[in-house]
Amino acid sequence: MNEDEAYEYVKSTLKKEMITPYHSDELTIVSSVSRCINCGLCINHCPVVAAIGVDRFSGPRSIAVELSRSPPEYWSTADKIYLCTGCGTCKEVCPKNVDIPEIVNLIRARIFEHRPDLVPKGFMLVNEIITEHGLAFEPWADKEEKEESRDMRLEHLGLPFIPDIVKEKADVLFYPGCQAEERAQEVREAAKVILDLFGVDFTLLNEFSCCSLPSRLMGNEIKARELAKRLKNKIKKLGVSKVVTTCAGCTSNLADLAERDDWGIPTYHLLEFLAEEIGYARLTQALKGKRLSESVHISVHDPCHLIRHTSRRIMDYAMDILALIPGVKVTASEAHDSCCGGGGMVSYHSKDVADAVVKENLIALEETGAERLVTPCPLCTAQIESNLFKSGSSIEVDDLTVFLAQKLIKE
Amino acid sequence: MTDSEYDVVVIGGGSTGTAVARDCAMRGLKTLLLERDDIASATVGTCAGMISSGLKYSDEPDIMAMCSKEVVHFNHIACHIIMKNPILAPLLELSDAASDSSYVDSYSAHAEERDVPAMLFLTPEASREIEPMLHPDIIASVYYEEFFIDPFRLCMLQALDAINHGATVRTYCEVIGFDINNNTELEGIIFYNRVSGTTERVSTKLVINATGPWAHKIAKLADEELDIRLNKGAHVILDRRVVNVGITVKAIDGRWIYLFPHENTTLLGTTALDTWEDPDSLVASFDEIEYLLQSIETILPSIRETRIIRTMAGVRPLVPEWKRPEGKVTRGYRIIDHSETGKTKGLISFTGGKLVMCRHMAEAVTDLVCKKLGKAAACTTHTQALPGNDADVDVAALSKDFGISLHALERMRARRGTEMLKVLELTKEHPEWKTTICTCEPVIEAEMRYAIREEFPQTLNDLRRRLRLGTGPCQGTFCTYKAAAILSEELDLGGDDFLVDILDFRAERWKGIRQSMRGEQLAQEELTLGMYSCVGNLDQSDVDYDIKPWEEGF
Amino acid sequence: MKLKSDILVIGGGMAGLVAGIIAAESGATTLLLRKGQSATAYSSGAIDIIGYLPEATEPFSAPSEGLAAIAGLYPLHPYGVVGYGDNVAPEEVVDTIIERVRDSVVWLKDRLEGTIASVVGDFQSNFSPISILGTTKPTCLVQTTMNPGDIHEREDSVLLFAGITGYPDFNPSSASKTYLEDRIAMGQPPHKVGFCMTKIMPFGKSFNISSIEIARHLDHKGSIETLAEQIDVQVKRIGATHVAIPPVLGIRHALKSKLELEKAIGAEVFELLGFPPSIPGLRLQLALEEVYTKAGGKLLAGHEAISSSRKGKTINSILARSPRREISIDTKAIILATGKYIGGGIAGNENGIRETVFDIMTVTGEYHSAKDIVPSRVTHRLEISPMGQQIQTCGLSIDPQFRPIREDGLEWAENVFAAGAVLAGYNYSVEKSGLGVALTSGYGAAMNAVDRIKGVA
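Protein chains in written order, with the numbering used here: chain A, 4 to 414; chain B, 2 to 555; chain C, 30 to 486.
Isolated chain A, as found in the complex (with noise of 0.2 Å):
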């Protein structure tokens, strides 16, 4: 055999071994879960092991210091592995800050590749789609009525119109993530009247695509890299100078891409662009004198990916923001580590898990008697909004960036 034969043989045997080689940007989440020295703080901590125990779900420190150690047994990780909704409350207390969302995903990539038979069926559609698309959610299929759909949520919402703009060199991408490119459009919407009335020199995609979390959280790591091979691409033409997204889970995964495959430009949530590059003195200047025709009890959920997985700060500065609004009365809700059970895309085959999570929220959250629930990502407010929904409850639920455009337009 020459050397390329014999290369060929080896990766046979690997297979069937079912080894897949560590890449090299992989030793780090590796290393990390090595620190875990199996104190079990985590399983205080995490939302999953409160709401199904610790014998369907063995939580992070299991994953850390049992699941993980072998990759050749991965495999037989399948019925937990799944049920991890990525939250990162384990790593945030954690002593060692053992990275368990990263190592998750790993081990979900190695079953994608090796035993794609024990891969939740959810998520094989949603690859299908992503495949076939380039998003995760199936695209409208009519464009009018995607854009009835559209102008019927503003004309709800009370918010303008404000027409799609492409360009190259424009200061601002505005990236609104899968969710609000399809689903709730009305945080697309609600995003570019804030931008614009900041006067911000801001474009969006010619041709939307999903910034690649879908794909790691399923275990498509082939996938997920060339998504954010394309995003990059479509990135680099543009030449903007910034990334702003609306959606918590892209916030993160946009700072893990731009450092990872060297980007060069910052990227940030929307909040974190106000708070940090429009300012809260034009913030307050533009608030004044926008009559609020009345207060309005509220209480803030804070999605994961940015407390846990960006930083806490981001919804420091949401509570800033909200604190400038005239007649906003905020009550904070006493869920401590709370997810809202729709990440690490659990709710695509284990719903009951996914609900379960949610429900020690709407608990707290009936508790804070706020009249309506506000948080800036619309996949949490889905999740969340849905939950309410069947629960009966009179608690309505905004996308921050939605409840933030309607102050700032009100008359």
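Treat the hints as calculated values from the structure; they're not laboratory data. Be aware that one or more of the hints could be misleading.
Under 10 Å between C-beta atoms, here's a sample of chain A residues computed to sit facing chain B [stated by the list, open to error]:
1) Y12
2) V36
3) R64
Idealized CB from N, CA, C, for every residue including glycine.
Once you've looked at the hints, dock chains B and C against the given chain A.
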């Protein structure tokens, strides 16, 4: 024959002793195995589990051929406890390959019978794809495959199979003397029962001395001289599989050392130091740890970023060849019939040998035993499977049926094969025994209870050998006290014994942890002390704890 | 991102939170940075002050006795340092130590009053609560739910250990045997001990149950009655006067559960000291965080201090990193309460021991440089013994103001103070002094930091 009369008494519960007991029993001999401590508690328990193709012994073609054949036999009789490791030997200079290339041909000559490829050569790019931690300057690598067995389970299964075939296996029985009549014929054997504290005697026609590094001491009890060369080997153990494949490299002194994925850990080994110390007191030294780390560092520069959880050290009982480095000493074994080399009739000893040869050694000595006893029976140890090897197990289905985590069952399968069903049966009556006790490996309570009832452990350390209890990253921090309570219940121990079991197990873990303490193991130890000293106040306990050999001097 | 504070606390365990509370209560804008939780969140529910001298085997009957011994024998012990100051005469040192430790104990008891981690016990004496192993240890305070009451004093006391089926962290059979053998050896009550199993099934299963599930379950209304019914039968069976259960009575409502149980079964109920992952530790952590934020302190979780910038003799800003952002924080004073190996304030490898945030000089328990030591050589062959492990005494050496010092004995920076397990010179697991040192040094470090801020202002 009564309960105190045997055809053959085997001394030593390591790989060879258990293999001999199994072979003797299978050939219909009345067999007793006596072990001073526990099954696999010494040399075999500190090896990497490689059932070697004999790659390093290219100067001894017969031994290579024998090793290869034995690998085939093991794959036939114990496939459930065997894993295959692909291995890279990366080269930094051409001379690494050229200096002793003979092994390429001799390895490849037997590859086919083991169903592995001949040795292959890979480009540096391909090598680094397979193992991204490799040094960027490597020029090529050699690829080959070896098989690895769980050495604890192998010994245990051999012992259990011996029992299944009528043998008696007694642990914690230390041989203290022989009855030798005036004709220098060995008639009986005297041993001290360490559990009951009594001395016992049995009659026997023959004694097989399979005590490895203690062989000369046992021979001495019969006034026989036995030359042996003791050689210490140490391993460093990492918390998980950090490499994708096994890696071998030449150390600073030109010896081959390795980094092998083993179960769910990685083993870095080994050293070779001639030793005259008491094997019970040996621990890995700072020099040995550095020798291994510095040597592997030449091709895996980031190795020190990985987590070392412990070290282990054992003693090889080599054939006594002087003026030769360890690597050049024959890896064959010798059967010493003391009636020929000395005067005692009925005593036969081993020196030398390797894990992979244990069955072969047993076959050879049992042939001799049968000849001496005038018994005509053929060896079947290579054709009859060890318990659990029968067929594949559908762990996914079992996981659903019994409501136990898939990974816990997959790990149990790797220990027990089809025998795991007996463990699972217990959970029907006792669903609470589905509870995970050791969270790292993991081990569930039912398997602990089963092992306590069926596999004669006396201590938590014995349970560790049967279950891998406490061998993960936390080194038993979180299972010691839970497991000790279960052992106490099953053996109906008192409160003091419960605490002694905890202290004993901690002492044994600490023996290996202490030598390589660094990095997160410092935090792990802070946690352990916080639990057992600070909260449990066991540092102030006045229970009857015996200082261990490696703890003496304080 | 940018932030500003008067006092920046790095580390969110007992030492950091105590320091943060003092700072916030003084009116200083206080920011507490925490990369993760720490050993405090593992703690058993006992707050030890001092139980033993290192290597000694006789427990102290009162903290003051232990503190006096420490002052004499180990003047550089963190408790020893408490006694120094410009206006403390040499003959007043011992009394000063005792007074200052007492002050901080009284202060903590007060702050925890009414929280989910309220404590009982007082500075006058140590007592011996029981652990889940059935052993006892000397401590000063325990959470109110863990108060064993008069079990060791009452001649007719009978103790029932109640376990939970499928909960592996506590085995009442072994614990009761160990405990009874110990009491018999001491010739002290209780003379009768029994055990029983109960069924608590948070998710309808009687296996693989964790502490947190039970605690959450018992927090819910109505769940305590089922437990009470089961224990009641067993209490009657053996005539128990006291019932010991693992530390899982609840997170928010543990005390209520205890009282309800006692009312239902007519015996005293208390939680045992347990191992991590610990519910009492969780209660203590949450309670301290609540006291801190109520005092006006700002908690920034998930951020790790990674570098600092110095201006002359002071550190005036810290760079903190979250998973995907960096924040620059300007500050007037810093309290370093980063813990030891678990907390990550001190780290070691085969080449030596170092402090992780500022790289301040580390020392061994004997106050030799720990910069180049090989950890295994600063250990003992016995893992668990009164000698302890010397490696666990490595850390920072401090001046009387709790400021870490350099090799020349001068403070490393004028405005950097240190507290808790990051300090050298004490071995908490053998001394039984962990949270006590954290409390006292956190209290002292913060007082000094506040003085400095006020002086500067």
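Now the hints, each set against the structure:
1. Y12: 6 Å, holds
2. V36: Holds - the Cβ of A:V36 comes within 10 Å of chain B, reaching about 8 Å at its closest.
3. R64: 7 Å, holds
Figure legend: structure checked against the earlier numbered hints; every hint is met.
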